[in-house]
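With chain A fixed as given, assemble chains B, C, D, E and F onto it according to the hints.
There are 6 protein chains.
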Amino acid sequence: MSHEFESFRARREAGNAKVLNTDNLATKRFFALDKQVYGPGALSTETKELLGLVASMVLRCNDCIDYHLERCVDEGFSKAELDEAMGVAMMVGGSIVIPHARHAAASIEYLLSQNDEN
Amino acid sequence: MSHEFESFRARREAGNAKVLNTDNLATKRFFALDKQVYGPGALSTETKELLGLVASMVLRCNDCIDYHLERCVDEGFSKAELDEAMGVAMMVGGSIVIPHARHAAASIEYLLSQNDEN
Amino acid sequence: MSHEFESFRARREAGNAKVLNTDNLATKRFFALDKQVYGPGALSTETKELLGLVASMVLRCNDCIDYHLERCVDEGFSKAELDEAMGVAMMVGGSIVIPHARHAAASIEYLLSQNDEN
Amino acid sequence: MSHEFESFRARREAGNAKVLNTDNLATKRFFALDKQVYGPGALSTETKELLGLVASMVLRCNDCIDYHLERCVDEGFSKAELDEAMGVAMMVGGSIVIPHARHAAASIEYLLSQNDEN
Amino acid sequence: MSHEFESFRARREAGNAKVLNTDNLATKRFFALDKQVYGPGALSTETKELLGLVASMVLRCNDCIDYHLERCVDEGFSKAELDEAMGVAMMVGGSIVIPHARHAAASIEYLLSQNDEN
Amino acid sequence: MSHEFESFRARREAGNAKVLNTDNLATKRFFALDKQVYGPGALSTETKELLGLVASMVLRCNDCIDYHLERCVDEGFSKAELDEAMGVAMMVGGSIVIPHARHAAASIEYLLSQNDEN
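Note that the protein sequences, when read in sequence, are chains A, B, C, D, E and F.
Numbering follows our numbering, in which position 88 of the first sequence is assigned residue number 88; successive positions increment by one, without gaps.
Numbering follows our numbering, in which position 32 of the second sequence is assigned residue number 32; successive positions increment by one, without gaps.
Numbering follows our numbering, in which position 35 of the third sequence is assigned residue number 35; successive positions increment by one, without gaps.
Numbering follows our numbering, in which position 17 of the fourth sequence is assigned residue number 17; successive positions increment by one, without gaps.
Numbering follows our numbering, in which position 10 of the fifth sequence is assigned residue number 10; successive positions increment by one, without gaps.
Numbering follows our numbering, in which position 20 of the sixth sequence is assigned residue number 20; successive positions increment by one, without gaps.
Isolated chain A (complex conformation) (with noise of 0.2 Å):
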């Protein structure tokens, strides 16, 4: 698993460049604002990682999930809640999330058994 979460982020990396290696000022705005929205404010960062963690599984991509995940992780989040979570997920958008879930929990797996490391 540690090697598909490491290409993941390699990947997401290299891809960002090419997206933003552009003239078009809209697609760097949308970079720029993609940030902003999760930035401390009404609700908490940490809130605004979960929402987004969730809206990522109910719409089915993983990389959008592997990148919440990651930051969920980081804001401290334990297993329990972010099971919870999934949960929430699972139930709103059905059983079509579940090949999702599946991608969560190794994701999941993984970060925190690289927590445990540091």
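Rather than coming from a laboratory, the hints here were simulated on the basis of the structure.
A couple of the hints might just be wrong.
For identical chains, the list gives no copy identity; a pair is met inside one copy or between any two copies.
Straight-line alpha carbon distances no greater than 16 Å define the calculated EDC-like cross-link-like pairs of lysine to aspartate or glutamate that follow [unchecked claim]:
#1 Lys28 with Glu75
#2 Lys35 with Glu46
#3 Lys79 with Asp116
#4 Lys79 with Asp23
#5 Lys18 with Glu109
#6 Lys28 with Glu46
#7 Lys79 with Glu109
#8 Lys28 with Glu4
#9 Lys28 with Glu70
#10 Lys28 with Glu13
#11 Lys35 with Glu70
#12 Lys28 with Glu6
Frame of chain A; chains B, C, D, E and F shown alone:
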């Protein structure tokens, strides 16, 4: 707006009664599980209702948005907090979510004005 | 409810006439193919209408649900059978499908009551 | 039909005012960016509005369809051109898009009849 | 192809074990309900598996397609019947479903060839 | 990247052959119609390919994106034009589209580098 939200409540109650007027045990269990998922646990009910709201926004279902908005207002979320949650949903789900943000904004106005009266 | 289903039928017929009032041959062929797909073949028309119903439920389109429900009732499906098909759709598609299950339950009630009168 | 499209315009304007009646800066930037994206650039505004229309069709959002249809008619697209764009959207998105093609056909009829009067 | 389907089976089994390695009771009930829904009742298990297949096709989830295809082949559906079900799914879901029809066609070929060997 | 795009082409060709290896006439007509829709008419083939690309982006299908990107590059679209089309797709579809923009950016780089060699 008041009439629209009240009519949603009435339609929802009558509709659920029709769906549950069935011998199909799986459907009854599905509805029971849908309640259980939002109960207190590792995450608070408050947090899980906000997850349900954002999931409903990105999946673009007005009835689901209204249901979770009412629950979120009951849990004490402020307009500023709900506005930020909608901001996350719009960022993840795109401009296609905007008509549902319009719907939600009207529902929030109504629900908070009701609270003020009480 | 009777009026709502009748008005759907009228809106659908008038709307299809407008869509087909075009020189665009591809659109006309698309509509013709949409009829052909549900004709008898290796699977019965009855089975294919039920597939169309469940596909419409998980994709959450009330007009499509109503169209296939009417066809399914014409093909002789009972309330218990339609309830089970809705149960599969809710399981696959999640609680976001529930508002459409409410819509479908009202349509089923209307369509079966019409059948009883004949 | 005239009333339906006019009421959409009124609902849209009032709803956007409610959404933007917020201290949430990200939401305001999101709306500003949504305007900027359709401005002239490497592609013409005309082409980008047609892209917005087809994206709205396959994502099945009537309010978004009506907004982009009005812009497309303002940009001078003919009925034959809009019919072909709808044909592409139906092909990509499937028969589940048909109810939205019905909606769009009525809006096109209204918008073009308005143009003829002017 | 054989390897791809076998690796799906292995990934699915290992992934489900990880998802169910949780104290979250709702998730366990969700998985149990997902089994129950396809059991015999007013509709046959055979029919319900075909409904699950078409729902998975229009929602475009290869892992879900593979799971239901295997169950459908176990229930005795022929290539001609599965081809027709895929035809309904493509019609409802549009050309965006075609890559999943390609995936399904390869899985069907593999699953039926396995059956021939037994 | 070159290998990934080439392997997509090979998988696509082999997969289509498997899907069309069927007695199901509707599927064959569906594929034929899918070609016809992009032919010249009131809109140019060029414009319709760009519509197909943006529809594929917001519906988040990498194989469909790659197919239409190749066609768009064949039709002569520049990187700046494709970047703007991706900008519209991200705005409409939200940040959930970003992983597909990453995929598309790599494909564009490959396809344009191929063009330069010829």
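Verification of the hints:
no.: 1; hint: Lys28 with Glu75; result: neither (26 Å within a copy, 26 Å between copies)
no.: 2; hint: Lys35 with Glu46; result: within (14 Å within a copy, 25 Å between copies)
no.: 3; hint: Lys79 with Asp116; result: within (13 Å within a copy, 39 Å between copies)
no.: 4; hint: Lys79 with Asp23; result: between (42 Å within a copy, 10 Å between copies)
no.: 5; hint: Lys18 with Glu109; result: between (30 Å within a copy, 8 Å between copies)
no.: 6; hint: Lys28 with Glu46; result: neither (25 Å within a copy, 22 Å between copies)
no.: 7; hint: Lys79 with Glu109; result: within (8 Å within a copy, 36 Å between copies)
no.: 8; hint: Lys28 with Glu4; result: neither (28 Å within a copy, 27 Å between copies)
no.: 9; hint: Lys28 with Glu70; result: neither (23 Å within a copy, 24 Å between copies)
no.: 10; hint: Lys28 with Glu13; result: within (15 Å within a copy, 28 Å between copies)
no.: 11; hint: Lys35 with Glu70; result: within (15 Å within a copy, 29 Å between copies)
no.: 12; hint: Lys28 with Glu6; result: neither (25 Å within a copy, 30 Å between copies)
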